[in-house]
Amino acid sequence: MLPPECEAALQQLDALRRGELSADEALLLRGHLDGCRRCLCFKLHEEAFLDRLIAAARNATCPEELRATIYQMIAKESRDN
Amino acid sequence: MAAAPIALFEDEALPHLDTLYRVALRLTADPAAAEDLVQDTMLRALRAWNSFRPGSNARAWLVTILRNQFINGWRSRKRSPEGIDMESVPEPADLNDPDPEGRFFSELVDDEVLEAVDALPEDFREVLVLSDMEGLPYAEIATSLDIPVGTVKSRLFRARRILQGRLRRYAESTGLLSPPDHAE
Numbered sequence: 000m001l002p003p004e005c006e007a008a009l010q011q012l013d014a015l016r017r018g019e020l021s022a023d024e025a026l027l028l029r030g031h032l033d034g035c036r037r038c039l040c041f042k043l044h045e046e047a048f049l050d051r052l053i054a055a056a057r058n059a060t061c062p063e064e065l066r067a068t069i070y071q072m073i074a075k076e077s078r079d080n
Numbered sequence: 000m001a002a003a004p005i006a007l008f009e010d011e012a013l014p015h016l017d018t019l020y021r022v023a024l025r026l027t028a029d030p031a032a033a034e035d036l037v038q039d040t041m042l043r044a045l046r047a048w049n050s051f052r053p054g055s056n057a058r059a060w061l062v063t064i065l066r067n068q069f070i071n072g073w074r075s076r077k078r079s080p081e082g083i084d085m086e087s088v089p090e091p092a093d094l095n096d097p098d099p100e101g102r103f104f105s106e107l108v109d110d111e112v113l114e115a116v117d118a119l120p121e122d123f124r125e126v127l128v129l130s131d132m133e134g135l136p137y138a139e140i141a142t143s144l145d146i147p148v149g150t151v152k153s154r155l156f157r158a159r160r161i162l163q164g165r166l167r168r169y170a171e172s173t174g175l176l177s178p179p180d181h182a183e
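In the order they appear, the protein sequences are chains A and B. Sequential numbering from 0 applies to the first sequence in numbering that gives the first Met the number 0. Sequential numbering from 0 applies to the second sequence in numbering that gives the first Met the number 0.
Hints were generated in silico from the structure; no laboratory data involved. Hints should not be assumed to be uniformly reliable.
[Claimed, not checked] Restraint-style ranges between C-beta atoms, simulated for each label pair:
id	chain 1	residue 1	chain 2	residue 2	range
1	A	Q10	B	A6	42 to 50 Å
2	A	I53	B	D122	16 to 24 Å
3	A	D50	B	G54	29 to 37 Å
4	B	I5	A	D33	51 to 59 Å
5	A	A74	B	E114	32 to 40 Å
6	A	S21	B	E106	32 to 40 Å
7	B	G72	A	R66	15 to 23 Å
8	B	R43	A	P2	23 to 31 Å
9	B	N71	A	L26	20 to 28 Å
10	A	L26	B	P147	28 to 36 Å
11	B	R102	A	R16	28 to 36 Å
12	A	S21	B	R102	15 to 23 Å
13	B	P147	A	D50	24 to 32 Å
14	B	R102	A	A22	26 to 34 Å
The beta-carbon is built from N, C-alpha and C at its ideal position, and this holds for glycine as well.
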């Protein structure tokens with residue numbers, strides 16, 4: 000069972016990462032993280048996980064052939080209209 | 000409601016092709032199917048372009064179309080819903096863990112991560128892909144999936160726990176990570 004202040008901190012981590020906390024809220028949360036190893040570890044764990052997900056996703060881009068097909072499709076629709 | 004001129008379609012829609020392709024790839028887990036799904040999505044979007052409100056969120060609009068196309072035409076061809084063993088969902092930040100900061104994640108290769116993502120149940124996978132892999136805001140995901148923001152957050156929390164658990168077990172099974180020591 001987590002202490003209430005840790006539960007509150009963990010629930011705010013996403014908002015901190017997304018820049019959605021007010022300056023005061025962010026300051027308060029950072030203060031908690033500085034003094035709570037468990038919450039800091041959780042934050043670092045989440046960041047390592049999310050960084051890995053983003054890196055895995057970014058290696059895939061729309062294939063050039065598909066892009067070209069879509070351009071042709073748009074050109075055809077424009078002509079037909 | 001003013002109709003969006005067709006000339007704007009290229010400006011508004013094409014910058015999102017990479018996002019659409021990646022989302023399609025994770026939904027279908029098949030590159031060829033993902034290409035077909037994106038092409039179908041763009042054709043449908045092009046033909047419905049008159050209903051797009053200029054100034055509204057084109058990415059959310061396109062993701063909604065893609066998801067509807069997937070649900071209506073693609074899902075039945077591929078995949079079946081997977082049961083979730085919630086008992087196996089780990090608690091975060093176990094300080095007895097040899098790697099509580101998750102450094103092992105960086106040791107995994109893309110294919111291992113993506114296979115684990117693809118194995119998530121669909122409801123969890125789509126939220127995780129849109130939020131954590133594509134960076135869409137909660138509200139935009141909620142609009143695209145037609146679910147409340149609270150549901151987005153709860154599915155995302157579950158998806159992360161399930162995926163982290165699977166990646167951790169994979170890392171342990173391959174020797175990248177030692178199992179936690181609970182003997183103390």
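Here is how each hint holds up against the structure:
1. A/Q10 <-> B/A6: 42 to 50 Å: Roughly 45 Å apart at Cβ, these two residues keep to the hinted range, so it holds.
2. A/I53 <-> B/D122: 16 to 24 Å: holds, 21 Å
3. A/D50 <-> B/G54: 29 to 37 Å: holds, 33 Å
4. B/I5 <-> A/D33: 51 to 59 Å: Cβ of B/I5 to Cβ of A/D33: about 55 Å, so the range 51 to 59 Å holds.
5. A/A74 <-> B/E114: 32 to 40 Å: About 38 Å separates the Cβ atoms of A/A74 and B/E114, which means 32 to 40 Å holds.
6. A/S21 <-> B/E106: 32 to 40 Å: Because 37 Å falls inside the window, the suggested range holds.
7. B/G72 <-> A/R66: 15 to 23 Å: The hint (15 to 23 Å, Cβ to Cβ) holds, given that B/G72 and A/R66 are roughly 22 Å apart.
8. B/R43 <-> A/P2: 23 to 31 Å: violated, 51 Å
9. B/N71 <-> A/L26: 20 to 28 Å: Distance hint for B/N71, A/L26 is violated at roughly 48 Å.
10. A/L26 <-> B/P147: 28 to 36 Å: About 30 Å separates the Cβ atoms of A/L26 and B/P147, which means 28 to 36 Å holds.
11. B/R102 <-> A/R16: 28 to 36 Å: violated, 18 Å
12. A/S21 <-> B/R102: 15 to 23 Å: violated, 31 Å
13. B/P147 <-> A/D50: 24 to 32 Å: holds, 28 Å
14. B/R102 <-> A/A22: 26 to 34 Å: holds, 31 Å
Going through the hint list in order, the structure does not satisfy hints 8, 9, 11 and 12.
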